[in-house]
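**Q** Single-letter residue listing:
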Amino acid sequence: MPPILQIKNLSTHFETARGTVKAVDGVDLCVNEGDTLGIAGESGCGKTVLALSVMRLVPRPPGRIVSGRILFEGEDLLAFPEEEMRRIRGKRISMIFQEPMSSLNPVFRIGDQVAETLRLHEGLSSAEAHHRAVEMLRLVGIPAPETRARDYPHQMSGGMRQRVMIAMALSCRPRLMLADEPTTALDVTIQAQILELIQGLKREVGTSVVLITHDLGVIAEAAQAAAVMYAGWVVEQGPVERIFSSPLHPYTVGLMNSIPRIGRRPAGNGYLNVIPGTIPNLLELPSGCKFRDRCARVMPVCAEKKPALLEKTPGHSVRCWLYV
Amino acid sequence: MADILVDIRGLRKHFPVKGSPISGRKSAVKAVDGVDLAVYRGETLGLVGESGCGKTTLGRLVVRLETPTSGEILFEGENILGYGGEKLKAFRREVQMIFQDPYSSLNPRRSAGSTIGEPLLVHGISAGRERDEEAARLMEKVGLTREQMGRYPHEFSGGQRQRIGIARALALRPKLIIADEPVSALDVSIQAQILNLLRSLQREFELTYLFISHDLSVVEHMSDRVAVMYLGKIVELAASADLYNRPLHPYTQALISAIPVADPGRMSRRLRTRGDVPSPIDPPAGCAFHPRCSRSSDACRDAVPALVEREKGHFVACHLPG
Ligand SMILES: Nc1ncnc2c1ncn2[C@@H]1O[C@H](COP(=O)(O)OP(=O)(O)OP(=O)(O)O)[C@@H](O)[C@H]1O
Ligand SMILES: Nc1ncnc2c1ncn2[C@@H]1O[C@H](COP(=O)(O)OP(=O)(O)OP(=O)(O)O)[C@@H](O)[C@H]1O
Ligand SMILES: [Mg+2]
Ligand SMILES: [Mg+2]
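Taken in order, these protein sequences are the chains called A and B.
Number 35 in this note's numbering belongs to position 35 of the first sequence; there are no gaps in the numbering.
Heads up: take any position in the second sequence, counting from 1, add 324, and you land on this note's numbering.
Treat the hints with care, as some may be off.
To be verified - Interface residues of chain A toward chain B, partial, derived using beta-carbon atoms under 8 Å:
#1 ALA192
#2 GLU221
#3 ILE275
Stated by the list, open to error - Derived SDA-like pairs (lysine to any residue); straight-line CA-CA distance at most 20 Å:
#4 B:LYS465 x A:ASN273
#5 B:LYS465 x A:PRO276
#6 B:LYS413 x B:ARG497
#7 B:LYS465 x A:THR278
#8 B:LYS465 x A:TYR271
#9 B:LYS413 x B:PRO498
Derived from the structure by calculation, the hints contain no laboratory data.
Quick caveat, the model's predicted, so the values are computed rather than measured.
Idealized CB from N, CA, C, for every residue including glycine.
Model the full structure from these sequences, guided by the hints.
**A** Dropping the structure here:
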């Protein structure tokens with residue numbers, strides 16, 4: 001089966017007073033039909049901008065997609081006129097935004113907001129749309145959905161608002177869903193409910209999912225494939241078992257070692273392994289490999305040339321001079 | 325018997341809220357609602373629980389940023405609630421707090437050096453050159469450089485700001501540090517750096533930590549003992565290994581089973597909790613967890629369970645534990 005989403009050499013830049021921020025800097029990525037791809041990486045590495053690029057919602061100015069192709073079911077989204085994109089958004093591709101409160105309209109009842117999406121994209125009548133909206137709210141586990149549909153966003157808890165966002169994102173049975181930190185603001189028990197919900201709906205509707213999170217545990221549980229981003233690059237991508245059991249990139253290895261794991265205290269002195277230093281300022285990137293100044297296995301070539309993302313074993317790619 | 329540094333007894337903090345416009349009845353958010361808890365000298369006591377369960381309020385009560393509705397807090401055997409004037413000032417040297425948000429907890433118009441040295445000045449410990457020297461030493465202790473002393477908060481990353489907050493908390497050589505979600509706002513790689521720093525400082529300065537977090541993996545990593553809070557009450561308390569290996573309260577069991585495990589081979593067997601966290605204004609009668617519990621009985625709806633010692637050092641507040 002061909003991949004549902006294929007991103008090729010995508011770059012999205014922001015022009016700021018202090019220079020050009022290369023938020024997404026030549027990214028290659030692939031999502032197989034029916035899979036969940038988890039994207040991990042430190043704050044500011046470009047995860048949200050990548051998702052916004054796929055939706056063609058990067059604020060412009062200051063942002064601009066400067067190069068690349070985004071193939072969705074084989075067609076390049078970047079070649080579509082805005083008109084066409086508007087029909088795709090919310091219907092064939094939908095997004096759950098990082099901030100649920102800011103993406104729900106505070107002055108409309110939540111049932112009406114879900115129904116509105118359905119009227120717009122599915123051409124349902126008001127009554128039908130309302131009926132389907134209530135069904136969607138029931139599906140995402142909102143108790144007494146007929147009553148709660150009349151609530152305004154502020155009358156719901158954070159977990160419930162997040163579920164409303166998911167109901168909206170799934171109401172038109174999209175082919176692809178981009179979920180940007182859908183559970184980060186939530187407690188573990190509610191987070192678990194939401195992840196199960198996404199899994200269940202995925203099975204029922206057959207949607208492929210891009211799941212953005214900096215919580216590696218969430219990716220291990222919910223995704224089949226994983227990509228790790230660093231300063232605008234994808235530095236490693238592969239099947240989730242491979243990424244966790246035999247990570248290749250020194251950054252991925254460092255991330256895996258720095259998570260505290262229950263029941264496995266680090267031996268000896270009890271200290272966690274750490275990656276020294278911090279993420280580089282995107283305006284003052286080092287030459288060559290962006291990770292080299294924090295890398296324990298740095299070599300002379302790393303300062304000279306940028307490594308390319310290369311496939312090491314089928315489906316498992318890494319962007320590092322160690323593997324060339 | 326280990327030496328008790330802080331002894332919290334029957335502590336309550338109720339925030340009044342506007343009465344209902346219909347009934348006119350006054351009500352209150354029972355943020356902390358009858359907590360008994362001892363913190364031993366030199367230990368790290370972890371405090372976990374869902375958002376809004378009262379963790380921060382409990383921490384703020386212990387450092388006296390908040391006045392309790394009732395109950396007492398003994399520090400080295402003395403009730404701190406009676407303190408005023410010089411005694412209170414002396415107490416404030418002994419107990420410090422590290423805050424959750426490294427972005428808003430620093431004054432943007434103060435340089436790092438001045439932020440860290442401020443407590444020394446306020447408490448009349450040192451001034452001038454001597455104070456600057458101490459601030460520089462503290463900066464180096466937490467992994468910053470003395471050259472960075474003149475920089476302002478916006479010139480530091482989140483992890484670096486958290487280091488400044490830690491250096492400020494250390495300045496007065498406190499005995500107890502309340503660390504309120506000290507790494508929640510940070511990325512995993514930076515989080516690991518800060519956790520290691522807190523651990524090494526604890527060894528060097530013989531610190532006692534009350535370590536607040538909603539991240540159960542982080543708490544397990546850091547703590548000797550762990551207390552689990554639910555709607556203003558401690559529902560379980562045990563040595564870290566006991567709590568994670570044999571949780572007795574159904575809420576703790578659900579929390580632990582809900583932790584995403586960074587190990588794709590090991591799919592977790594997840595216990596379900598139903599519904600959302602109830603309101604602390606109008607908590608359910610009896611055991612506050614019963615509407616979400618998988619094994620609630622009549623007793624759970626009628627009577628509040630007391631926190632009792634079921635196994636050595638392992639306390640649980642549940643009618644049907646295990
Ligand atoms: N509107 C904008 N103007 C200028 N720079 C921007 C803008 N939006 C994003 N950026 C920059 O692009 C980079 C990537 O940001 P992005 O929001 O994609 O990060 P992220 O990986 O989603 O981080 P987080 O985990 O914190 O959500 C950052 O350096 C950010 O400062
Ligand atoms: N000053 C206040 N006035 C009124 N209510 C308050 C006040 N401070 C806290 N509360 C309420 O008390 C309860 C406990 O809050 P607290 O901040 O202690 O929770 P927490 O466990 O630290 O949560 P989080 O994990 O979200 O930080 C909440 O319902 C909160 O809304
Ligand atoms: Mg983001
Ligand atoms: Mg708090």
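**Q** So, for every hint listed, does it hold in this structure?
**A** Each hint, compared with the structure:
1. ALA192: Check passed: Cβ of ALA192 of chain A comes within 4 Å of chain B, closer than 8 Å.
2. GLU221: holds (5 Å)
3. ILE275: At 5 Å from the nearest chain B Cβ, ILE275 of chain A passes the 8 Å test, so the hint holds.
4. B:LYS465 x A:ASN273: holds (19 Å)
5. B:LYS465 x A:PRO276: holds (16 Å)
6. B:LYS413 x B:ARG497: OK: LYS413 of chain B and ARG497 of chain B at ~14 Å, within 20 Å.
7. B:LYS465 x A:THR278: Satisfied, since the Cα-Cα distance of roughly 18 Å is no more than 20 Å.
8. B:LYS465 x A:TYR271: Within the cut-off at roughly 17 Å; holds.
9. B:LYS413 x B:PRO498: holds (12 Å)
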